[in-house]
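Residue numbers (this note's numbering), protein chains in the order written: chain L, 1 to 380; chain C, 1 to 254.
Please keep in mind that the hints were generated in silico from the structure rather than gathered at the bench.
Note that beta-carbon positions come from the ideal geometry of N, C-alpha and C, so glycine has one too.
Mixed in with the good hints there might be a few duds.
Restricting the straight-line Cα-Cα distance to at most 20 Å, the calculated cross-link-like pairs of lysine to aspartate or glutamate (EDC-like) are [claimed, not checked]: (1) K195(C) / E239(L); (2) K189(C) / E93(L); (3) K343(L) / E144(C); (4) K100(L) / E144(C); (5) K195(C) / E123(L).
A few chain L positions that, by computed beta-carbon distances, are all more than 10 Å from chain C [as the list claims (entries may be wrong)]: (6) S85; (7) K170; (8) G256; (9) S347; (10) V366.
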Amino acid sequence: MSALATVQGAHYTFVRRPPETLALMLSGRLDADSLGSLWSSLFRQIDSEGPAHLVVDAAQVDYCDGSGIGLVLELARHQKSMGRSFKIEGLREEYLNLLKLYTVSEVAGTVRASLKPTNTFEEIGRSTLVLWRGTRGVLSFVGELCATLARIILNPRLLRWQDTLVVVEKAGVNSFPIIALVGFLIGLIMSFQSAIAMRMFGAEIFVANFIGISLFRELGPLMTAIILAGRSGAAFAAEIGTMKVNEEIDALNTMGIDPVRFLAVTRVIASVVVTPLLAIFASLFGLIGGAIVYSSLGFPLITFVRQIQFATTYVDLMGGLVKAAAFGLIIAGLGCRHGLMTKSGASAVGDSTTQAVVNILILIVVADGVFSVLYYNLGI
Amino acid sequence: MGGQGQELIRVEGLTSAFGQETVLEDISFNVMHGEVFVILGGSGSGKSTLLKHMIGLLKPQKGRVLINGEDIVAASGESRQRILRKFGVMYQSGALFGSMTLLENVRLPLEEFTQLPAEAMDLIALMKLKLVGLAPFAHHLPAETSGGMQKRAGIARAMVLDPEILFLDEPSAGLDPGTSADLDELILKLAQTLKITFVIVSHELASIFKVADRAVMLDKRSKTIIAEGRPAELRAASTHPLVRQFFNREPSRT
């Protein structure tokens, strides 16, 4: 029998030699490119022939690199696993040296250990454990943060003021344009939507009341918090996470510097300060957006101002700002906590950033619900 | 593939700067096919920068880098891809992908550039890992291995496609003397059997004398090449004070 196959410079021919020997004549260039589509067909043919003795004639091989040697080693292993013999002839000395470099013993037959199948109960158990560890981690971090804040209140020199101001600028001042834009557009859209409904009752004048109350009490702080969660919470987690991966957190620890004081407290204080301020601006720009629509409904601007003054109180505003401060605490606290909990590797930074943003958003909505119930019971 | 003794890489009048600061000025040299070429110099002399220019990661202010006659700086698209396939690079830290095991890291170029079946890719990747002594750690993540192991895995990944040229950025730094000597042996074997050309950035004297055919030495102050030749000859014959200081391990007075 004789078969010829040619792929990108590599050639092989089978010649059957009686009684039970199959000769494989290899020629040309044996490298990763040329062996690509040759490999499988070659082994298929050997399997169909099932020779008791396989002799590889490599006298015509012009070039053979590590991949070519890989083929030879795999042929040898394949024959051996079937209890059959293997021999190679005519391989040039330089390639024989290469063959000696790669010995077959440890190479073949390793199975990936990490791909062990798991069942549903194991998964539930593992997830519960992860949740429990996460909760415990958050609690201990909150404790550590509170203790450090208390120490700073007693001794303000412990706070790194310069770093805090830098965070105020990055998370606060630099967020202003996006907060203003989103606030303006939300005010605009809400006025339009509410005007359509209120027109049916001839109550368009109350659009201003609706906008004022909802912006001050709810939407201003909530929108600001959601934007900051994506913008600053993620940045805190990624920044501190990268420091963790680069062993900078370990360096702080070994220098006796508390990473929570050095990194987290500055961010938490800055965030608690800037979130209410940004919430005020979000509400203000929302009102401007609302006022434009209100004017287009045919009301003078002074009516808008009067309606707002009539409908909203300082309590509404302050209630919203307290909420915003709490949201700021959640954003920076969870962002830093996830950053500090980062494992090793670039993907770990991505994981902790994602986890931080998801948890911040969930906790913000939960906290908003708690505040609503609290304010309702307090009659605010 | 060219024959022994032919020019493989040529650096011509290369000037490199970061902003206002010039790092390398009018650097010219060539690397012959099959030789082990070492770039020497003290810290901050621009060794790694020169290497980054040679592999096309940085664009020089002036000058060009020719690999087999093709300008890597000017090349784009397919021609750049063709030049890139000619060489493998091992970065100082290994630069392994943290989310992949060592084996997955090493087999990645095979997956991207060849049509080999999966079992062949695994086998070839494992062969390379075995060559650098890491077969038992094939299924470990880089974070679970030591710095030296990551570096060796980086070498395995760089040579998985058996390139014509291997660029190694400080291969022996951070390795124990035994492993470092093994690595030197490996470099020599690959250079002899596969005729791979090596361009190595290093300041490990023992390793340089063992493996290097030829070397250039860069100087931080003049930003140019201050010596070129066989390391043993440079040590014996160079009159340049900085070269003597480097080879005789004298303390730096600057």
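Taking the hints in turn, this is what the structure says about them:
| no. | hint | in the structure |
| --- | --- | --- |
| 1 | K195(C) / E239(L) | violated (45 Å) |
| 2 | K189(C) / E93(L) | holds (13 Å) |
| 3 | K343(L) / E144(C) | holds (11 Å) |
| 4 | K100(L) / E144(C) | violated (30 Å) |
| 5 | K195(C) / E123(L) | violated (52 Å) |
| 6 | S85 | holds (21 Å) |
| 7 | K170 | holds (24 Å) |
| 8 | G256 | holds (25 Å) |
| 9 | S347 | violated (4 Å) |
| 10 | V366 | holds (32 Å) |
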